[in-house]
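Peer 1: Numbering (the working numbering), first residue to last: 1 to 237.
Quick caveat, the hints were computed from the structure, so don't treat them as lab data. Every residue, glycine too, gets a C-beta built ideally from N, C-alpha and C. It is possible that part of the hints are untrue.
As the list claims (entries may be wrong) - Here are the computed distance ranges between Cβ atoms for each label pair:
no.: 1; residue 1: K196; residue 2: E79; range: 14 to 24 Å
no.: 2; residue 1: K164; residue 2: S56; range: 14 to 24 Å
no.: 3; residue 1: K217; residue 2: T59; range: 29 to 39 Å
no.: 4; residue 1: E176; residue 2: V47; range: 37 to 47 Å
Unchecked claim - No farther apart than 30 Å at their CA atoms in a straight line, the calculated lysine-lysine pairs in the DSSO-like style are these:
no.: 5; residue 1: K55; residue 2: K223
no.: 6; residue 1: K55; residue 2: K198
no.: 7; residue 1: K237; residue 2: K196
no.: 8; residue 1: K132; residue 2: K196
no.: 9; residue 1: K164; residue 2: K216
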Amino acid sequence: MDVINVYDKYIDKKRRELEEERYDDYRDWFHASGSGSCARKHYFRNVEKTKGKPKSFDTMRLFRLGNIVHEDIQTAVSEFAINTKTTIYIEHEIRIPDLNVRGFLDMVMVEDNELYDIKTCNAGNFRKIFGKSKSPYSEPINYYMQVGIYGHWYELEKGKPLNKLALLYYNKDTSEMRELRVPRSYMQKAIDYWTKVKNEFRWGVPDVKLGFAPCKKWECNPKYCDFYAHCGGGLDK
């Protein structure tokens, strides 16, 4: 019996089921999780409906591990909410029609007006974010933008300000957990980003330009971009 092959087929089935449930009927909507990432990628996926490069099984295993951590934390918080009769949102679908953005926020503690997004990372990235040698260049700006667009939706929906926006990090190598506060300013930055995406797309696919398409140089890499070949290499042309 090839256990690795059995597991790979299992996680691929789980991935396809999730995509069918969440995204197949919403191909025109931008993904909230893509906030602050390369605009050309959104164009290829949501306007052209181009199929990206299939992910490797190594990558899918990493994603599955992240999903398991998400589910575990969310289950713990859900049980806490039931026991304390606290209102929460878990994996709550959001839609912002004006920006054509749709997504699923991880957690909101409604009474406390606190919003969290869960992230898993390796020890190296964890040190870059929380270690003594951290720098502004290691800040996860795209994650800030993602939390920002969730926060914008929440404040529109509830009509009151959030007291906290935060990324909850889980170190996959050591199991250490840390919280990273997200400045409220990223709500407006996320709005501005998606407004620009919508406006630029009226003229077709945006030109390759660092700062928007892609937002960061590292995005133009076949390891990280499923549309690298279709795009022609982006900055690597």
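Peer 1: Could you check the hint for me, namely that K196 and E79 are 14 to 24 Å apart, CB to CB?
Peer 2: With a Cβ separation near 41 Å, K196 and E79 fall outside 14 to 24 Å, so the hint is violated.
Peer 1: So the hint says 37 to 47 Å: do the beta-carbon atoms of E176 and V47 match that?
Peer 2: Given a distance of about 40 Å, which is inside 37 to 47 Å, the answer is holds.
Peer 1: When you check the alpha-carbon spacing of K164 and K216, does it fall within 30 Å?
Peer 2: 27 Å, holds
Peer 1: Does K196 lie within 30 Å of K237 when you go C-alpha to C-alpha?
Peer 2: Since the Cα atoms of K237 and K196 sit roughly 24 Å apart, the hinted pair holds (cutoff 30 Å).
Peer 1: Starting from the hint 14 to 24 Å, judge whether the C-beta atoms of K164 and S56 obey it.
Peer 2: At 36 Å between Cβs, range violated.
Peer 1: Take a quick look at whether K132 and K196 sit within 30 Å of each other, Cα to Cα.
Peer 2: 35 Å, violated
Peer 1: Within 29 to 39 Å: is that where the Cβ-Cβ distance between K217 and T59 falls?
Peer 2: Given range 29 to 39 Å: violated, Cβ gap about 21 Å.
Peer 1: Under the criterion that the straight-line Cα-Cα distance not exceed 30 Å, is the pair K55, K198 satisfied?
Peer 2: Answer holds: K55 to K198 is near 27 Å, not above 30 Å.
Peer 1: Between K55 and K223, is the straight-line Cα distance small enough, at 30 Å or below?
Peer 2: 9 Å, holds
In summary, the numbered hints that this structure violates are 1, 2, 3, 8.
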